[in-house]
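Trainee: Using the sequences and the hints, build the whole thing.
FYI, full-length UniProt numbering numbers position 58 of the sequence shown as 58, with every residue one higher than the one before it.
If you are wondering where the hints come from, they were derived from the structure by calculation, not from laboratory data.
Heads up, the beta-carbon is just placed ideally off N, CA and C, and yes, glycines get one too.
A hint or two may mislead.
As a list, the in silico DSBU-like pairs of lysine-lysine whose alpha-carbon atoms are at most 30 Å apart [stated by the list, open to error]:
#	residue 1	residue 2
1	Lys76	Lys20
2	Lys20	Lys73
3	Lys20	Lys39
4	Lys51	Lys39
5	Lys73	Lys61
6	Lys20	Lys61
7	Lys20	Lys59
8	Lys59	Lys73
Have a look at the derived ranges for each label pair, beta carbon to beta carbon [as the list claims (entries may be wrong)]:
#	residue 1	residue 2	range
9	Ser85	Tyr41	35 to 41 Å
10	Ala81	Lys59	31 to 37 Å
11	Glu88	Leu34	49 to 55 Å
12	Met77	Glu42	28 to 34 Å
13	His50	Leu82	38 to 44 Å
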Amino acid sequence: MPGMNGFELAEMMRGTDRTKNIPIVFVSAAGRELNYAFKGYESGAVDFLHKPLDIHAVKSKVNVFVDLYRQRKAMKMQVEALEQSRREQE
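Mentor: What follows is the structure, encoded as structure tokens:
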């Protein structure tokens with residue numbers, strides 16, 4: 001990636017309101033040692049995949065993140081409904 005590496009991009013995304021909740025999954029053919037993956041996690045990644053990719057693992061991980069997104073969205077809607085109900089009772 002010219003001008004910026006993936007770790008820097010992840011840190012930038014975490015610092016921006018619009019992109020701070022987007023799950024970042026690093027994909028790399030290099031750096032199989034643990035400290036490389038930990039650096040990814042420290043910069044904001046939620047997962048780290050190594051090439052060559054296993055299609056079943058990728059699909060499973062995507063499904064997990066989609067489920068988490070849906071759960072977070074449902075919880076947000078429930079909180080908003082509870083807050084609205086509380087305001088109406090006051």
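Trainee: Determine for every hint whether it applies to the structure shown.
Mentor: Evaluation of the provided hints:
1. A C-alpha spacing of about 16 Å is found between lysine 76 and lysine 20, which places the hinted pair at or below 30 Å, so the restraint holds.
2. Restraint check for lysine 20 and lysine 73: the C-alpha separation of about 15 Å stays at or below 30 Å, so the hint holds.
3. Of the supplied pair hints, the one linking lysine 20 and lysine 39 holds, its CA atoms being roughly 18 Å apart against a limit of 30 Å.
4. Distance hint between lysine 51 and lysine 39 is fulfilled; the C-alpha atoms sit about 18 Å from each other, no more than 30 Å.
5. The suggested pairing of lysine 73 with lysine 61 holds, with an alpha-carbon distance near 18 Å, which does not exceed 30 Å.
6. Only pairs whose Cα atoms come within 30 Å are accepted, and lysine 20 paired with lysine 61 is accepted, the gap being roughly 19 Å.
7. Pair hint lysine 20 plus lysine 59 holds up; C-alpha atoms about 23 Å apart against a cutoff of 30 Å.
8. In summary, the hint linking lysine 59 to lysine 73 is supported, as the alpha carbons are separated by about 21 Å, within the 30 Å threshold.
9. In this structure the hint that serine 85 and tyrosine 41 lie 35 to 41 Å apart at CB holds, the actual value being about 39 Å.
10. Here the CB-CB span from alanine 81 to lysine 59 is close to 33 Å, well matched to the stated 31 to 37 Å.
11. Separated by about 52 Å at the C-beta atoms, glutamate 88 and leucine 34 satisfy the suggested range of 49 to 55 Å.
12. With their beta carbons about 32 Å apart, methionine 77 and glutamate 42 fall inside the hinted range of 28 to 34 Å.
13. Between histidine 50 and leucine 82 the Cβ separation comes to about 43 Å, which falls inside the hinted range of 38 to 44 Å.
Hint check: no violations occur; every hint is consistent with the structure.
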